[in-house]
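Peer 1: Each protein sequence line maps, in turn, to chains A and B. full-length UniProt numbering numbers the first residue of the first sequence as 1 and each following residue consecutively. full-length UniProt numbering numbers the first residue of the second sequence as 1 and each following residue consecutively.
Since the hints were derived computationally from the structure, they do not count as laboratory data. A couple of the hints might just be wrong.
[What the hints assert, rightly or not] Here are the simulated lysine-lysine pairs, DSSO-like style, with alpha carbons at most 30 Å apart:
(1) Lys140(B) with Lys224(B)
(2) Lys57(B) with Lys186(A)
(3) Lys187(A) with Lys174(B)
(4) Lys186(A) with Lys229(B)
(5) Lys186(A) with Lys174(B)
(6) Lys187(A) with Lys140(B)
Since the structure is predicted, the reported quantities are computational estimates derived from the model, not experimental observations.
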Amino acid sequence: MPQFSLYEEEYHPSPLQRTWREFTSSHIAVLGLFVLAIFLIFALFAPLIAPFNPVEQNIDSLLIPPSWETNGTIAHLFGTDALGRDVFSRIIYGCRVTFGSSILLVIIAMLIGVSIGTFAGMMSGVRSSVMNHLLDALMAIPTLLIAIIIVAILGTGLVNSMWAITLALIPQFIHYTRSFVRSEMKKEYVLASKLDGANAWQLFRHSILPNMIEMLVVQGSLALSIAVIDVSALGFLNLGAQPPLPELGAILADGLDVAYLAPWNVGLPGLSIFLMVLAINIVGDGLRSALRKRVSH
Amino acid sequence: MNQLMHVSKLVFRHDQNKRWLKKPEVFQLGPIDLTVNKGETIAIIGENRAGKSLLAKMLVGAVAADEGEISLSSVRYNAAKRRSTRSYNASNDIRMIFQHSTEAMNPGITVGMILDEPLRLNTRMTEKERRARIEETLIKVGLLRDHVYFYRHMLSDGQQQRVALARALVLQPKILVADEPFAALDPSIRSQTVNQILTLQRELGLSFIFITHNLGVVRHIADKVIVMKNGRIVESGKTETIFRWPQHSMTKKLILAYQSLVPQQKIT
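Work the whole structure out from these sequences, hints included.
Peer 2: Following this line, the structure appears as structure tokens:
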């Protein structure tokens, strides 16, 4: 028994605050988060930010250069394309389509993959193996090929390409989750919880999930950058989003026709894809090291 | 003395004859008979691979036995037919401290949540009552209320040991089983923990079964000693008797090895 009656500490930072403190100690990660936040704002509030309708064609202002060129106007910040559409508005809406659909499909893939992986990790024997290798065949085929097959059956479109990418992402989540849950199930604290009478769900929710967050962040950010690249690649190949829909890859493909006349039509959407993927990776990396530091020192 | 727990003819067989190109490894534990009285301290000693840890795990129900019967606070259990650990352990009268307290603590959640889990799963206490019980238990094992918010990496080895002890005590058991609780601790922390356990034993009337290699601690705190070899109990009895008049060759070796370190005592 302590012989002193000590005052209790008044303030205990929550896990979230601790992670945030670790995260902000890396300046590059914060910069990445800033860029990512801009893209997220673009995705959420595109109609409020975009100055023009992204699909509205204007015959009077074809191929106007960006505003920093001598003959550009400030009305069209990033210039216009061959049909007179404002490139800035198109990129903002493009972020919405590309980034938004990528986030959506990563969340779906993660939910499905993690639940199957957890079942596989907690079971044993043949059932576990069957669960684990359920979608392995899809891993052997590149996303683009799966997309082409799905497109051949169902027709082109953004939704179909999203299905293809989701299917391609699920097996990785299954594998990582299963091996993680497996190694976790052998630890003594899981045995201790089992002795307390925890059932499988309680075991997962209270003992395994808190430790899995780091793995989920790493795999999630990796999957998100793959999804962004794949969605825009399929758009570029005309298999994904169809031309009137402003999708970054499709915008890039549109601009390719006039690449020599108006290089900003290719350069700016390309740059935004690049920045998006870079920011996702930097934030994912920063978040991972922050989460690791939170439980190690 | 009133009898708290009685184990009769507990047997565990380990046979892996399914593997090819390998001799079937035969290991049999038991049959083991054991009686635990209220407030008694029992030490289990023996060489490595003697089945000490396995016995401890079987006593708390982490590993199912093949044969035998355990009666705990006058309820009889068939140790062999036990399907889940829950049915046996539902009375919360027996709790275990694991060999490595570091590994027995979940690094992803706070000490408060670690201690909350057994209460949440096994009692019908409200959140406030659970919180009060957790704080009370933390103070009992010599930690502070603030440690509720701490994570594993913020605690030293000795504090982790105390958390493990708190986790076992939080359900107010009658028997505590510990697997080498003092192995990883330095002498001063070890004596602190030993004194802690002795104090708790006096206060709560706990029975304490522990496995150790440290005969000094055994002599200091144990009432009874069990010597194991190759899965069998080769000798058991009162601590003083075993230390003064060891019968089995295994026990003699162990005691001699201990007494060569403490030269002033001799076997009479």
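Peer 1: Compare the structure with the hints numbered earlier in the document and write down the numbers of the violated ones, lowest to highest.
Peer 2: Of the numbered hints given earlier, the structure breaks none, since each of them holds.
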